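Student: Sequence lines, in order, name chains L and A. Residue 670 in this note's numbering sits at position 670 of the first sequence; the count goes up by one each step and never skips. Throughout, this note's numbering is defined as the position within the second sequence, counted from one, plus 1000.
By construction, these hints were calculated from the structure, which means they are not laboratory data. It cannot be assumed that every hint is accurate.
In silico DSS-like pairs for lysine-lysine, Cα to Cα no more than 27 Å straight-line [said to hold, decoys possible]: (1) L:K48 to A:K1122; (2) A:K1140 to L:K237; (3) L:K537 to A:K1122; (4) L:K275 to A:K1064; (5) L:K37 to A:K1140; (6) A:K1122 to L:K517.
The following residues of chain A were derived to be distant from chain L, with all beta-carbon distances above 10 Å [to be verified]: (7) I1042; (8) A1073; (9) N1084; (10) T1100; (11) Y1120.
These stretches of chain L come out as covered by chain A in the derived footprint (C-beta under 8 Å, 3 or more residues) [what the hints assert, rightly or not]: (12) 423–436; (13) 780–786.
Quick caveat: nothing in here was measured; it's all calculated off a predicted structure. Just so you know, even glycine gets a beta-carbon here, dropped at the ideal spot from N, CA and C.
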Amino acid sequence: MEKMINFGIDLGTTNSAIAKFVKGEVEVFKNPLETGKETLPSVVYYKKDKVVIGSRARTYFEKDAKNVFGTFKRKMGTTESFKVKNLDQSKTPVELSAEIIKELKGFVHSGEIVDSAVITIPASFDVIQSNATKEAGFLAGLKQVILLQEPIAASLAYANKHKEQDLRNGQWLVYDLGGGTFDVALIRIKDGEMKVLDHEGDNFLGGADFDNLILEEMIVPYLDENFTFNNLEDDLKSEKGKHNALYYKLLLKAEEAKISLSARTSAEIELSDIKDDNDEDIDVSIEITRSEFESLVKECVDKTIEMIKKILVHNSLKPSDIQFTLMVGGSTYIPYVRKRVEEILQIPVNCDIDPTTAIAIGAAYYAGTKEKNFEQELSKKSDGGIKVRFAYQKASQEDEEILAGKIEGNIDGLFYRIIREDKGFDSGIKKLTSRISEDIPLVKDSYNFFRFTIYDDKNNIIETDIELIGIAQGKYNVAGQPLPNDICLQRDSDIDLEGKSTILDRYFEKNTLLPQKRSKSHYLNKTIIKGSNEKIKINILEGPHSSLPEANSSIGYFEITGTQVTRDIVRGAEIEISLEMSESRDLKVIVYIPMSDQQFTKVFNPTQRHTTVENLIDEVDTLNETLESEIKEAVDREDYETAETLNNIKKKVDILINDSNQLTKDDVTDKKYQYEDIKRKIAQEVDNATKDKRISVLKNQYNEDKTWCKKIVDENGNDHDQKLFYEIVSREQAFLNSITPAKIMEAIDEMITLGSNVLWRTPSFLEARFNRLIEKPQLFNDQEQAKSLIESGKLAIANKNFDRLKEINWGLISLLPKNAQSDARTGKIGF
Amino acid sequence: MDLILSIPTLYLRRILTNKMQKKMNEVLIKYPRNYLNILNQIFEIETKLRKISEPNSIQRNIDKLKNIFSTEALSEGQSLFYHNPIGENYNETRTDCDATITGSGHDNLRIVEVIKPIIYVKYGQSQMIVQKAIVIVESKQ
């Protein structure tokens, strides 16, 4: 149990925050429901069955004034109370403030109980107001509350940030301009003791006024001038006005522009999706410059400066008596505010602390020095024998589900709250009853997790053994089946990277839950002339992506011929292929050719196989060729065992060739499917018989490439290259022992890339490569260009301009026939 | 921008010690802040596109851009995507939207305008909201 209070709370008029002193540093807690935010809007909304606090309550502020309350800090210490229509009772400013503090306690993610805190108050608060703030703290479950004036808190945040500065004696101003309020205080420090000497403020001046000025002085006149509106300003501001929705939209745009102007010298306010009173569409962009903005807010800023002057006069001080003006509050981010205050007062402004959290930070520093002076309960957290049982659908296709719960045990004075883990839903704090029923909204196609938490009346968490509630929406339906095999597109490999063969490009991985959708772009390796019989073949296969294409079964095949395209589709053109597979495994293939802006769609039903006789014969031929070359290779390396296995398979292939050639092209019997199946099984056998061999060939190749790369890196590489090399080597165990040849191929590729990169920075290599390239000038496709490059290359060598030589080498390589290009790049072998 | 996100682990809970569980629950998701700005722009283009009546294939490019964010932009198994909540119901339990109410009523609210969409980062089978939608809502009555 900690001895010090450590927690600091900034209980602000518009926003509040909580921070903690931990081992010399202060942590400001994040708002758990607002990504990236550390503050909580000080607004409370009473619904009939719950309390909502923060930005969602602020949404209803003004619209549901009888149930939503904000800026109640201004009423602290008065007898005024707020009648809550939904509850049919009144709430005091103290009770409302307590709700804010309770909510802030929930920001503390470590789960520790906040039993005492330093709470900040404005310098203007008198004894009654101060006591009211303390009372709010006690009502929220705090056992000890220490008050601290806000300007002192800000000064502490500054002093702790700059410990090196001697601030034992002196005086400065704390200028606090927030969203809706302004305060300024004169601080004096004497022998290390800080005191607020004087203060001024305006409860109705802040950043929100600046947004309004942009709207009223710039946007509305522009719209009035350029479009037809009868009474725009009234229609915007009146609740029943026809442009009331537009008013809020424009205010948001104005705020966005204001924020942007803090970093840039001009901002664009885009106005679109708006119609004027003549039903004309408005789609324009208004530019607002920083100087225009500055002239708009000048009057407001000057008003704050007048208050400072008043303080100076009142205390008989000259600007030179003040060390600096410490800037606090979100609106002090505006460069003009800083500049104007400094210019007029001739006192340097100090913007060293985070204006939005400085007060909470200062409070936490102070709390770190204050000891707790009450008896701490050691075992506050206990479940009190509370048992909770839930009933809910674990998988759903609906947008929301009912969560029903039965609660046993002593539930008097307890509350609950349900929060979705992605931060998209919060039930609010509700009274716990023995049976609860809650509609909880689900995010589509996703796992939705909900956390159910029980609190006491002070918002302290009561620990229970309640598990997370998980509901799968859409595709994660339990009934939804995982894919039994990879789904791949068969395509020609990229010769440079993947060797000279056909490969399986995986779209959906085995065990992925359906439905699935994926698009990939590919590049055509041949030109399809409009009107010709050239074809683009689209073959979708089911089976392991690491095996031979012939070993997998085709689940969708179709062709796009030259007669179907509206223009020539040249080699290298992009082709986008999208596969969609439904839960019932219907396959939809969409092929889009950007060059002709054409789309071809085909749906394949899983109950039908799509095999054409032509395609079958082609594939059997390919299989036969593969098999023959495998047999030859096996014999050559004297691996007679494999050769014999393959020879036995060959007999089956010969029969299959014969049978499949007997089929007519328009065969309607089942035979083509049977043969397709036989082909697939044979290919699987070939794959199994030769997989070991392929892996061992690849292992050898890897070792060769590794030796080659090591030599290059040792001789010409730098530290970074060495590091990259050993990074690949450190993964050897994993990929060399893998049964997937593709993994070894990947590593080979990495080695070659690394070696080539080093070589291409090495002058001797670049020179040798150039000389080698020009040995056979007749090979270049464009003789004219080659000649000019060769001349430039010779010059570059003479001038030792190796960067240029590198470019020339690349230029020459691009003029070589494609099959010679990759070898020329790596410089591994001749061409 | 780094985010430490908590992955719910329903099934691991019982077999892991607290410390181990905490470690496993944390996953580091990194993405440049600008990605959100780009996604907001894509969303705006998509919204404007709905008003173009002439046939075009701009949507295809938009889908492609969105696809890049959902498949390639982040590390394996993580994706960024947005959701446009236009037309959906709004009430005070929705913490995925920052709403402004227009008109006089405040019951039975529906989202009538979306200034910025909800942006999620997805990792494994869970997701986290990284940008709340900014919306204008109006009573259906």
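Student: List, from low to high, the hint numbers that the structure doesn't satisfy.
Tutor: As far as the earlier hints go, 1, 3, 4, 5, 10, 11 and 13 are violated by this structure, in ascending order.
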